[in-house]
Amino acid sequence: MSMLYSEKVMDHFMHPRNVGEIPNADGVGEIGNAKCGDIMKMYLKIDNGIITDAKFQTFGCGSAIATSSMATEIIKGKPVEEALKLTNAAVVEALGGLPAVKIHCSVLAEEAVKCALADYYKKQGIDHPVIKEAEELMGRDEEHEHAPVDED
Amino acid sequence: MSRFVYADNAATTAVKPEVISEMMPYFTDKWGNPSSLHKKGREAAIALEEARARIAACLGAEAKEIYFTSCGSESDNWAIKGAAALGRAKGKTHIITSKIEHHAVLHTCEALEKDGFEVTYVGVDAEGFVNVDEIKTAISDKTAVVAIMTANNEIGTIEPIAEIAKIAHAHGALMFTDAVQAVGNIPVDVRALGVDMLALSGHKIHTPKGIGALYIKKGVRIRNLIDGGGQERGKRGGTENLPYIMGLARAMELAVERLPKMAEVARLRDRLRDELLKIPHTSLNGPRADEKRLPGNLNIGFEYIEGESISLLLDAEGICVSTGSACASASLDPSHVLLATGVPHERAHGSVRFSISDDTTAEDIDYILEKLPPVITRLREMSPLYSEAKAAHLI
Numbered sequence: 000m001s002m003l004y005s006e007k008v009m010d011h012f013m014h015p016r017n018v019g020e021i022p023n024a025d026g027v028g029e030i031g032n033a034k035c036g037d038i039m040k041m042y043l044k045i046d047n048g049i050i051t052d053a054k055f056q057t058f059g060c061g062s063a064i065a066t067s068s069m070a071t072e073i074i075k076g077k078p079v080e081e082a083l084k085l086t087n088a089a090v091v092e093a094l095g096g097l098p099a100v101k102i103h104c105s106v107l108a109e110e111a112v113k114c115a116l117a118d119y120y121k122k123q124g125i126d127h128p129v130i131k132e133a134e135e136l137m138g139r140d141e142e143h144e145h146a147p148v149d150e151d
Numbered sequence: 000m001s002r003f004v005y006a007d008n009a010a011t012t013a014v015k016p017e018v019i020s021e022m023m024p025y026f027t028d029k030w031g032n033p034s035s036l037h038k039k040g041r042e043a044a045i046a047l048e049e050a051r052a053r054i055a056a057c058l059g060a061e062a063k064e065i066y067f068t069s070c071g072s073e074s075d076n077w078a079i080k081g082a083a084a085l086g087r088a089k090g091k092t093h094i095i096t097s098k099i100e101h102h103a104v105l106h107t108c109e110a111l112e113k114d115g116f117e118v119t120y121v122g123v124d125a126e127g128f129v130n131v132d133e134i135k136t137a138i139s140d141k142t143a144v145v146a147i148m149t150a151n152n153e154i155g156t157i158e159p160i161a162e163i164a165k166i167a168h169a170h171g172a173l174m175f176t177d178a179v180q181a182v183g184n185i186p187v188d189v190r191a192l193g194v195d196m197l198a199l200s201g202h203k204i205h206t207p208k209g210i211g212a213l214y215i216k217k218g219v220r221i222r223n224l225i226d227g228g229g230q231e232r233g234k235r236g237g238t239e240n241l242p243y244i245m246g247l248a249r250a251m252e253l254a255v256e257r258l259p260k261m262a263e264v265a266r267l268r269d270r271l272r273d274e275l276l277k278i279p280h281t282s283l284n285g286p287r288a289d290e291k292r293l294p295g296n297l298n299i300g301f302e303y304i305e306g307e308s309i310s311l312l313l314d315a316e317g318i319c320v321s322t323g324s325a326c327a328s329a330s331l332d333p334s335h336v337l338l339a340t341g342v343p344h345e346r347a348h349g350s351v352r353f354s355i356s357d358d359t360t361a362e363d364i365d366y367i368l369e370k371l372p373p374v375i376t377r378l379r380e381m382s383p384l385y386s387e388a389k390a391a392h393l394i
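Chains as they are written, first to last, in numbering that gives the first Met the number 0: chain A, 0 to 151; chain B, 0 to 394.
So that you can see chain B by itself, here it is in the shape it has in the complex (with noise of 0.2 angstroms):
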């Protein structure tokens, strides 16, 4: 029987009806902007501030610590690219971050070196846990900004954040994380992470795409990324957009309710893993530890075939999964995160992320299970990887 089952909310997740009935009301009576002081701003504006408030205790921030923007992306520029700028005026013109790092972070380094700034790309062991010590020998007093990731989009390793942000605050830098895949699959805690900024997507965590947010610790003031009318108490031009805030407010408290779920989602995968796992010539990239891996995470390398095809024959059978060749994307080379936990490029492009949710049933994972091993088998008979393996009794 044909089903459809969505492994890749990494990538993206299915928007929750109660993320669109929080938002309803603001599409159809609530437009007023919260900037004006007539009746129709002020409920805007006691909407926003409410919004911000529940957002706050979902990650155990003060209220005017959330500053909302339109994406993870634009959360992520803002806080380096704010941090570095605020760094330059003191004499700091030196960046950490590591290679694992998603591109709106690797990108936004990329363009800070061509302002002048020096960037230590740290790199990771074979599971994606960055190199602590690197960054210790790569800290100086010049050190505007650490920026690492909270949680890998594509190995899921959950990074030793708080160590880090320790190390940051040493030497006098601020201290960065983009949690854009850890919101909503681990406990975020603004204050136990001790960082200086947090980033957040919306659409990670079943809102539309189209909002995300920057944590702001009180008493850190970052250069702006957009100016404009004095939004954001001056910090985020732009009217805000009301309605996706109110969604990210109820995706939010959604996602710390569902966070008891999630040991049954990391169940989920272990045993989707483990049958996986017994398929020959494949292999598990990221983490081995699951406490120290995202629940919903899993990425497989399957040897001798590439990943576009075993993506393209899931999608056939109604399964969405997404892959680390570079046959997938527009770029020649393979995952750089994979590359970057020494993965070589043939067992990268043959490697596969599943990113499965709270929505995954058993019946999903047992349809994968009965759907994946005849694709395998049928790519790996086309390959010539495989049959001259077989030939030199390699295999």
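The shape of chain A in the complex, shown without the other chains (with noise of 0.2 angstroms):
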């Protein structure tokens, strides 16, 4: 099984975008949890349903901050509905592949978006399905349990 990381991959990780806290964020969403190794928050500012920045914490292996990075980047300066549809395989597409071990992390980063986006329209008081989306998200990791993978 090969663990060999992309150009791209390495880049976002050894310099990665848009890191840091943005105090007073519009929308904050959180997603993973320690036990199993990958921990990704979001914060983002947004103006007349514009995405006009956004940053990361990401405590996690390489691919888990190069995918966070490669989503901020994405992300930024996009209109709130179209950040929506971001998905992980374009996560994915943008940083020139992943293992298949760790597409988990592109999974990751669209979530935490998600999160973020979800927490935005509740604090602007609008009913949107992606905030019960991220509810279940959250529920998920709170509990949730690995299956046994072998290594090679």
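Worth flagging that the hints you see were computed from the coordinates, not collected in a lab. Worth double-checking, as some hints may not be accurate.
[Unchecked claim] Covered, in the sense of this in silico footprint (three residues per stretch, anywhere, with C-beta under 8 angstroms from a C-beta of chain A), are these stretches of chain B:
{"hint": "1", "stretch": "299-305"}
{"hint": "2", "stretch": "314-325"}
{"hint": "3", "stretch": "336-349"}
{"hint": "4", "stretch": "380-390"}
Treat the numbers as computed from the prediction; the structure is a model and nothing was measured. Note that beta-carbon positions come from the ideal geometry of N, C-alpha and C, so glycine has one too.
Starting from two chains that each stand alone, build the complex the way the hints lay out.
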């Protein structure tokens, strides 16, 4: 099994874009848990429905940091409705691929964005389906257990 | 100034030039098959038996007790499966091993469970020492073999093998030890350990990959794993890999010769440990007492960050280490060894193993100490766990 990262992944890991916190962010989302080894926290600044700034904090491996970085790059400057459509596949593609065992990192990045957007809608008092989706995602991380996977 | 510092000797070691020199004639000139009766074969057979005697001498064994294999995993498989098959013929269907064994042992035991064996996986304490009382409780006249490693690959714990061997023998069970990590780092004497079988691997002591050996005490007759043309006195089929066997003989002698130097390796390790533990929110995994730990092993847990990230950033600085984080393997769970010692998942993810050797210099340690702290700071500044702990005034 290859664990080699693409140049793009290494670039975003070594030089992550948009690391940090946004004070008084309009939307904050956190997904993952320490037991599993990945936590992503996403902060969004949103003006007139446009994501004007996005920052992240990540506890995790190289690809967790790279996917967080890439996700913030993709959604910055986008309308919230477009950012809601961000898929993990788009993050993987933008990074030039990920090793199979690291695909879950891109899923977390997509979910972190969703959770931050859900928080934004909630704060705005807007009832949006992503709020329920985010609650389910966060509920899953409270309790989920890993199935054992063998090493090669 | 940038350097290359290899601190992952528990994974594999640099091939020593002396080992290659010993091997070369057996590629270019003495390439005969030791089983052939002619001159070319006889010359190979003589070398083979000399190598066997040299290796035996390094282990306090007799030449006829040494059998060559392809690797440590084959030796582990052979010892346990061979002893299990022998045991089954006598109505012994129980195996005892520990929770911190190498996967070559653990997965072999799991395979035997599917074949109807009952396996007891004994636990370890916080420093990785196997619970000897648990072995005493589990063992019975149904126990075919007790398989406990001489020293652990991740946290370096040196197990009380001689004591466990006595317990095994008192109940008519065979005693096997995987000494892959111990050989070359601490004295390994099969008689002092009192074991019936002992596995070792060449590439952990500076041979190329692809050679191992199994010591089987004379009089112990385990079943074969690989049947074939009668090589290794009918116990392990396959034409002997003579160049690698010659390399292993030299590597074993070099390993014994450098044992007195391992105290210096331990001193370098201790300095690395003492300095790294000054970094806040950092803890030592494995044994506290130096004499109970492999001299080149150090395993440190860095809280709030993850090990693969640490090792990738160190790699970018020319430093090679390994991690117990799940993220560095195909598995989603972190190191089974650290979990067995009671380290929680989140701390196991942030563990880094340094395994240094007699090739490691004081300058190498200085270099790690220069490059590592900024890596830890950088990742912590990126970590939501760290900023949340700070915000909550937990740190």
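Against the structure, the hints come out as follows:
1. 299-305: This one holds; 3 residues, not fewer than the three required, reach chain A with a Cβ under 8 angstroms.
2. 314-325: holds (count 3)
3. 336-349: holds (count 4)
4. 380-390: holds (count 7)
This entry satisfies every hint, going by the numbered hints stated previously.
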